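Student: Sequence order for the protein chains is A and B. Taking numbering that gives the first Met the number 0 as reference, the numbering of the first sequence is continuous, increasing by one, and the terminal residue is 90. Taking numbering that gives the first Met the number 0 as reference, the numbering of the second sequence is continuous, increasing by one, and the terminal residue is 186.
These are calculated hints, taken from the structure and not from any lab test. The structure displayed is predicted, hence computed values, not measured ones. Yeah, the Cβ is synthetic: ideal placement off N, Cα and C, and Gly gets one too. It cannot be assumed that every hint is accurate.
Said to hold, decoys possible - Some chain B residues flagged as far from chain A (calculated, every beta-carbon gap over 12 Å): (1) Glu70; (2) Pro81; (3) Leu186.
Said to hold, decoys possible - Chain B side only, calculated, beta carbon under 7 Å to chain A, not exhaustive: (4) Leu48; (5) Ser67; (6) Gly128; (7) Pro130; (8) Gly141; (9) Gln145; (10) Asp152.
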Amino acid sequence: MFLINCPYCGEREQSEFKAGGEAHIVRPKQPTELSDDQWAEYLFMRKNIKGIQFERWIHIHGCRKWFNVARDTSNDVIKAVYKMGEKPPTN
Amino acid sequence: MLNYASVINEEKSYSGLQMREIKPVMKLIIRGKKREFLSAIGKSLNLLLPTEANTSSKSEKLSALWLSPDEWMIYSNEISNPDNNDYDTENLLNKNIYKTNLGAVTNVTDQFVLINIKGDKIFDLFETGSPFNFNVFRAKKGSVTQTILAKIDVIIHNQNKNEVNLFVRRSFSQHLFSWMNDSASRL
């Protein structure tokens, strides 16, 4: 259990949120031209790294807004929270 | 004419805690993003929508709760006519907001149940079943939060020092009310 600082509502407990998987995955512009392997790569393959991972979260029991989180998967420390459409922080 | 059947029929009282349903109360959800939307609401209702997170505003007849950056709940401070489900406020907003494509107006009068809780042990009760930190909330009159209480989504509006209004979806209301009674009896 950890606290997440919702960019709209402020700091709330994790159980009010829902995780939405890896962030910043871009849908291919021409899906019809992709091979099955490339399409499967886009659809199913996720990084799942140990360390800082960029994720999407939704404040489902609060404001119901999506946002991005940079979370260290080894110790659940949240390094940054930023809104949808914003670039991930570089440091 | 609507039949306002309710699952919460009794008023419960414990030491430092009283709870009852207030009905019928008009409730509307309004959504919109444009600046004209905010000013149109302000002009129509004579009520400024709160733009700061977790706050509310109040006029003589209505209260407006901040739910999300583009979503608010408006409810009437007084009980409305039980024989009529046609609301002037809703009609006015439909005309000035919905028909002019500024935003959406949804009548949620029957979707939400309003439970009024009074007493000095309100937050002791909430702390038994909610992950929300009520320390700042309880000190600030008019603060609003959406959170979980006994795993049920609720909207809580801090009315006064020892009075809150709690909104819960109708299908969950009976269970939540009985849970609150159970919890209150052990405080």
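Student: The structure should be examined with respect to each hint, and the outcome stated for every one.
Tutor: Verification of the hints:
Against the 12 Å criterion, B/Glu70 falls within the reach of chain A, whose nearest CB is about 8 Å from its own CB. The non-interface label for B/Pro81 is consistent with chain A: the shortest C-beta to C-beta separation is roughly 32 Å, beyond 12 Å. For B/Leu186, the non-interface assignment is confirmed: its Cβ lies about 22 Å from the closest Cβ of chain A, beyond the 12 Å cut-off. This hint is violated: B/Leu48 has a C-beta 15 Å from the nearest C-beta of chain A, more than the 7 Å allowed.
About 4 Å separates the beta-carbon of B/Ser67 from the nearest beta-carbon of chain A, less than 7 Å, and the hint is met. Look at B/Gly128: its Cβ only gets to about 12 Å from chain A, farther than 7 Å, so that hint breaks. For B/Pro130, the suggested interface contact is upheld, since its CB lies about 4 Å from the closest CB of chain A, less than 7 Å. Interface hint status for B/Gly141: violated, as the beta-carbon distance to the closest one in chain A is roughly 16 Å, over 7 Å.
With its C-beta approaching chain A no nearer than about 5 Å, B/Gln145 sits inside the 7 Å limit, and its interface hint holds. With a cut of 7 Å, the hint placing B/Asp152 at the interface with chain A holds, because the nearest CB-to-CB distance is about 5 Å.
This entry does not satisfy hints 1, 4, 6 and 8, going by the numbered hints stated previously.
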